[in-house]
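Asks: Spelled out from the first residue to the last, the chains are:
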Amino acid sequence: MRYHPDSTLSSDPGGGSTWLDSRVSTPVRPPLSRPRDVLVGGVCLGMARHLGWSVRSVRVLAVALAVAGGAGILLYLWLWALVPLDEPVPGEEPGIRRRVPGAALAVGVAGAGALAAAILAPVDQRPLTSALLVVALGAGAAVAWSLGLDRSDPGRSVRYGVWVRSIAVALLILTGVVALVSRPSALNAVLGVGMVVLAVGVLAAPRAVALMTDLQDARTARVREEQRAEIAAHLHDSVLQTLALIQNRAGASSEVARIARAQERELREWLFAGDDPLVADLAAELREVAAAIELDYPARIEVVAAGESVSASPALVAAAREAMLNAARHAGGEVSVYVETSDAATDVFVRDRGAGVDLDTLPGDRLGIRESIIGRMTRAGGTATVRPGAGGGTEVHLHLEETSD
Amino acid sequence: MTSVLIVDDHSIFRSGLRADLDASLDVLGEAATVEEAIARIAELRPQVVLLDVHLPGGSGGGGAEVIRGSSGMLDSVRFLALSVSDSAEDVVGVIRAGARGYITKGSSGAEVSRAVEAVASGDAVFSPRLAGFVLDAFGAVAGEQAEKDDELDRLSAREREVMRLIARGYAYKEVASELFISVKTVETHVSAVLRKLQLSSRHELTAWASARKLL
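From first to last, the protein sequence lines stand for chains A and B. First residue of the first sequence? That's 38 in the numbering used here, and the numbers climb one at a time after it. First residue of the second sequence? That's 4 in the numbering used here, and the numbers climb one at a time after it.
Calculated from the structure, these hints are not laboratory results. C-beta: ideal position from N, C-alpha, C; glycine also. Treat the hints with caution; some may be incorrect.
Here are some, though not all, of the chain A residues that point toward chain B, as calculated from beta-carbon distances under 7 Å [unchecked claim]:
| no. | residue |
| --- | --- |
| 1 | V276 |
| 2 | Q278 |
| 3 | A281 |
| 4 | L282 |
| 5 | Q284 |
| 6 | W307 |
| 7 | V341 |
| 8 | A343 |
| 9 | G344 |
| 10 | S373 |
| 11 | E377 |
| 12 | S379 |
| 13 | F386 |
| 14 | R388 |
| 15 | A427 |
| 16 | G428 |
Taking lysine to aspartate or glutamate pairs in the DMTMM-like style, the calculated list, with each CA pair at most 25 Å apart, reads [stated by the list, open to error]:
| no. | chain 1 | residue 1 | chain 2 | residue 2 |
| --- | --- | --- | --- | --- |
| 17 | B | K151 | B | E114 |
| 18 | B | K176 | A | D384 |
| 19 | B | K151 | B | E190 |
| 20 | B | K187 | B | E114 |
| 21 | B | K176 | B | D25 |
| 22 | B | K187 | B | E150 |
| 23 | B | K176 | B | E190 |
| 24 | B | K176 | A | E339 |
| 25 | B | K176 | A | E371 |
Here chain A stands alone, though its shape is the one from the complex (with noise of 0.2 Å):
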């Protein structure tokens, strides 16, 4: 059903008409695919939505075509392995529900061979090889459709499958036994030791399989931190300089810079994500106060620290902000601020190059140092002193000692 757009618009009316009853005589069917809440494998389902027939009557010509010489089965096969999923539904578990308990089912065929093989045994050695292919071949499905095809389902739990699989290597190696004391033929006795073979190759299945997911996770984990790491060692290499560059060559004050430093360190974040502690200490803490700040006005603050990492105490950070916010509003440049931490303090040095302060001389509606320096520190029990640097500048130093509690 391609065509071309345009010829919608065609204005000869005949060729409209023409293409318009075309569509109308072909409807359009479905496509092709495997429901996922089905019987078995979803092939009848999906025959039946496909070709507008009832299910009903899909799977009786399907069980026709099985009886008349299994040709239903293979086609029934080739559709399951063939036809393409339904999209799983979003918000919905992906797995697909089937409601005959294939496992079961398969389990009570091997159960009905055993009990067959039983009987035979002693008896008869030459149906025995029958009865122990049936409960070989039973058990084997009940192994594999339960860890193959059960375990994805939501309607089977765990606890079933365990069952399932735990009866079926029972049964093998019931049978497998019996099939050997009963002085067997030499084919029934191959039989039975591939049987206890098998039974225990089931017991370690689970396990095999496991391994081999978590190998595949294993990789597929490192590959993915291989490439991580070679896009950061190129992020690193080249962005990184770059913006170095653009922030030497454009001054430390200026806008561009600005915006290169706000990128340099989101990129940092970004490439280093997971190398940080993420318990908030005071160093990261003044880093970040730092980081918005420098988003506002044309300086930049270099946050060094030193000592071991400590909680951020609140009255601390909102004084040490307001040091750097002033530094950053009335000198701007180059900001450094230094935090010192041992058993005994805490130090938070914050100083600039700006023309420096004169607190007595400060006017009366710079609240800002006094009040929300001086006094927040002093409130918490610490000490804030303002001075001069040496070589020009503000220096603002915080202390408080660690109360013993």
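Fit chain B to the supplied structure of chain A, relying on the hints for placement.
Replies: Frame of chain A; chain B shown alone:
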């Protein structure tokens, strides 16, 4: 006139830096890989090598490998590490290999020129962040102090004072006036700290070194 060799794998950065450096510096040449850098250092014998910490080539050791490859000339050729990352941890490996200091790539041309002159005259160049790292690594914040001057694993009281002021953003001159000592004395202290940083066997430092396969 101080002769300089610029080693960095980004041509855009090399030319930018070259254009920015003071006229008093004589840029002899540039190199982009570990092998090229070692060859050009031996050939040109610059007084100072501006050395990027991360370099391609060689056995993957970057700037530190260049310094080790030129170890025979360490008394005439001095290395100043340049790093795009401002974490001192990144730089400690180069310092321990023999660099006389480090400066971040965000620094202006004038700052780099000053640092080059300082290194050429035999001084060490410490950034605030490196000073902070030193204070941490030598346990100075926790109050550890050397009893004798020649002790390698701890800082003396004076060295600690100097490092703290550098971490606070003070220039050497400002440190000198703050502590009422001469600039020369400050430089002596800084050089002593640099030596300890290079030679100390404190576990924090050796851990960095061994993590970067320097030992």
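Asks: Does each hint hold? Answer for all of them.
Replies: How the hints compare with the structure:
no.	hint	in the structure
1	V276	violated (10 Å)
2	Q278	holds (5 Å)
3	A281	holds (4 Å)
4	L282	holds (5 Å)
5	Q284	holds (5 Å)
6	W307	violated (14 Å)
7	V341	holds (4 Å)
8	A343	holds (4 Å)
9	G344	holds (4 Å)
10	S373	holds (3 Å)
11	E377	holds (6 Å)
12	S379	holds (5 Å)
13	F386	holds (5 Å)
14	R388	holds (5 Å)
15	A427	holds (4 Å)
16	G428	holds (4 Å)
17	B:K151 / B:E114	violated (34 Å)
18	B:K176 / A:D384	holds (23 Å)
19	B:K151 / B:E190	holds (19 Å)
20	B:K187 / B:E114	holds (20 Å)
21	B:K176 / B:D25	holds (21 Å)
22	B:K187 / B:E150	holds (23 Å)
23	B:K176 / B:E190	holds (10 Å)
24	B:K176 / A:E339	holds (20 Å)
25	B:K176 / A:E371	holds (17 Å)
Comparing the model with each earlier hint shows violations of hints 1, 6, 17; every other hint is respected.
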